[in-house]
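Visitor: Quick note, the sequences are listed as chains A and B, same order. Start counting the first sequence at 1; every next residue gets the next number (the numbering used here). Start counting the second sequence at 1; every next residue gets the next number (the numbering used here).
Keep in mind the hints are simulated off the structure, nothing from the lab. Treat the numbers as computed from the prediction; the structure is a model and nothing was measured. Wrong hints could be hidden among the right ones.
Note that identical chains are pooled: a pair holds if it fits in a single copy or bridges any two copies.
What the hints assert, rightly or not - SDA-like, lysine to any residue: derived pairs with alpha carbons at most 20 Å apart:
| no. | residue 1 | residue 2 |
| --- | --- | --- |
| 1 | 212 | 60 |
| 2 | 286 | 245 |
| 3 | 212 | 58 |
| 4 | 216 | 58 |
| 5 | 216 | 60 |
| 6 | 216 | 61 |
| 7 | 117 | 288 |
| 8 | 286 | 272 |
| 9 | 216 | 293 |
| 10 | 207 | 91 |
| 11 | 108 | 36 |
Number of protein chains: 2
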Amino acid sequence: MSESNRQLRLKTRPEGDVRREDFDLVAQPLPELGDGEVLIRVLYLSMDPTQRVWMRDIPQYLPPVAIGEVMRALGIGRVVASRSAHYAEGDLVQGLLGWQDYAQLHEKQLAASGYVKLGAQAQQLPLPTLLGACGMSGMTAYYGLTDIAPVQPGETLVVSAAAGSVGSIAGQIGKIRGARVVGIAGGADKCRYLVEELGFDAAVDYKAGDWKQALKAATPDGVHVNFENVGGEIMRAVLSRMVIGGRVALCGVIAGYNSDERPADDFSVAIYKRLTIRGFLILDYKQAKEAVQALGGWLREGRLKAEETVVDGLENAPLALNRLFDGSHRGKLVLRVDPAS
Amino acid sequence: MSESNRQLRLKTRPEGDVRREDFDLVAQPLPELGDGEVLIRVLYLSMDPTQRVWMRDIPQYLPPVAIGEVMRALGIGRVVASRSAHYAEGDLVQGLLGWQDYAQLHEKQLAASGYVKLGAQAQQLPLPTLLGACGMSGMTAYYGLTDIAPVQPGETLVVSAAAGSVGSIAGQIGKIRGARVVGIAGGADKCRYLVEELGFDAAVDYKAGDWKQALKAATPDGVHVNFENVGGEIMRAVLSRMVIGGRVALCGVIAGYNSDERPADDFSVAIYKRLTIRGFLILDYKQAKEAVQALGGWLREGRLKAEETVVDGLENAPLALNRLFDGSHRGKLVLRVDPAS
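Throw the hints in and build the complete structure from the sequences for me.
Guide: The structure is reproduced here in structure tokens:
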């Protein structure tokens, strides 16, 4: 076990793309554990668009990461030392571990919401999948289409950022629920992947010139449910195809996360189509058992395909985050912090 | 009875403010009534922001008014001649009568949705009130706050365009339902009117420099329900004050009706506050009896105050419509077509 802990601490708030220099890489010896404290070796970190928002000093659902603070990130780690009766060496823990090699946490922090000890059943799945299809990403897709904007058999579901971690699961859940599923993604490769590997009914390449026409052609009966991850121009195009009374599960508007420019959205279509648009956050679903059981079952049965893009090295976290916005990954983007994991 | 019928027919689609020249004023003799036809003298016309949208060739909930067509408008008229067994001279009819002195309609058209014969109880109210507080405007306010985004006692309701036909009723319904009601309106006079005459708890003058600060001060517990008529910058300011899980009854976004410029709205707040935003149109409420009975009762009891701004003369319809957007009216704006009414 390494005696030093590397941490990436926010130094300056990025403008546009995240730069390596926006973070200080600090190495320091691991301190002694106090009573009730647990030392966790970080194995994998989840790379999520919401992290880009956490770097910004704007109103949001959690406090922004402070300058000088270790960058907040969800991850999976293994307990390597414990002075808590509730945690033993070898336990796997999922929660906010941060951009660092080791997280030193008190059992009281670990008892708070946002941390779970992974049981035997969870450990049958690969760790990246526990952060992706069977983690926050999958659960977000699950509740978006079962609670926020339930999709019914025969309805048309359009998913944006459809080759991403949430979108790829949302589309597959739509198929499991009997909907016609159309994905929007960037590039012919991703679109082929959606249709040929994930079983989407159609895919629209928003990087192709005629994509709005293609969206129209792919949704001859209009759009009943929109699982929205992108916002901006893509969301407007989908809204224009919605049926009267359509529902939008508003999961993300990443078109605006990376910039201070506001996307020019327009609510008038929400009126004349009598849309219900519901923003939601997965952190409201404290009891995620139902989702995890459903997702895990579908994964085991092969009805759900999990895909991850793995980047190595804690020091690569800042630049890796940009890949969430430039479209150069597929499925869940995770960072492998411990090369042995 | 005049032997000629003046009609205002759409000539060119307005850009920005409506101009007199955008309409042809055509006078022609009244044709003979065919079998089943009814001739209706137009008494009052309702002036509504949605009419500005009807003039535009964009997707919307009804077909745009065609070039050469009589401008569509809701109104109240009296039957002056009838070759239908269902209508007698003297009957009062409410429905889409159009910008004209006389509407000649077949009983089959009158039987379609959008037309009602006014009964004895309705006739106890002034005709402008039947187009305003006890008409579409009042019903829109009623269903917005009872069905789309029901407001509960003790909650804070913010209404934009609060001195307008819908907003002034929405705010009063909020008070009847026990909410704290804050109105947003333009100018000190309107704000005084909201608080002193209509009983709003507070009013925010968006023409004053510090209005966002004033909105914050007026909503110390945040905003639970937003009855939204305006959109754009005003809606963004209200959304920023909403509580988690807040509800928006999206009735109108008039900030964008008069121009082809899109307001720069932003859905990200809808996510981090988990908002439900529901667009709605009063025309979905086919059975409006409940609303009309409630509104009529409150009016008779003096719990609801109806205010109308009356403009005279059919020929003034185009320029009068602009008053809906420049803030120079209060309450319901109606056009008196028949000087004797």
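Visitor: How would you label the pair residue 286, residue 272 (within, between, both, or neither) given a Cα cut-off of 20 Å?
Guide: between (35 Å within a copy, 16 Å between copies)
Visitor: State whether the alpha carbon distance between residue 216 and residue 58 is at most 20 Å within one copy, between copies, both, or neither.
Guide: between (36 Å within a copy, 17 Å between copies)
Visitor: How would you label the pair residue 207, residue 91 (within, between, both, or neither) given a Cα cut-off of 20 Å?
Guide: neither (45 Å within a copy, 60 Å between copies)
Visitor: Evaluate residue 117 and residue 288 at a C-alpha cut-off of 20 Å and name the case that applies: within, between, both or neither.
Guide: within (14 Å within a copy, 55 Å between copies)
Visitor: I want to check one pair: residue 212 and residue 58. Are their C-alpha atoms no more than 20 Å apart within a copy, between two copies, both, or neither?
Guide: between (32 Å within a copy, 17 Å between copies)
Visitor: How would you label the pair residue 216, residue 61 (within, between, both, or neither) given a Cα cut-off of 20 Å?
Guide: between (35 Å within a copy, 19 Å between copies)
Visitor: Under a CA distance limit of 20 Å, which applies to residue 286 and residue 245: within one copy, between copies, both, or neither?
Guide: between (29 Å within a copy, 16 Å between copies)
Visitor: Should residue 216 paired with residue 293 be assigned to within, between, both, or neither, using CA atoms and 20 Å as the limit?
Guide: Classified as neither; 36 Å inside a copy, 44 Å across copies.
Visitor: Between the shortest in-copy and the shortest cross-copy C-alpha distance, which are at most 20 Å for residue 108 and residue 36: within, between, both, or neither?
Guide: within (8 Å within a copy, 80 Å between copies)
Visitor: If the cut is 20 Å between Cα atoms, do residue 216 and residue 60 qualify within a copy, between copies, both or neither?
Guide: between (34 Å within a copy, 17 Å between copies)
Visitor: At most 20 Å between C-alpha atoms: does residue 212 with residue 60 qualify within a copy, between copies, both, or neither?
Guide: between (32 Å within a copy, 19 Å between copies)
The structure shown violates the earlier hints numbered 9 and 10.
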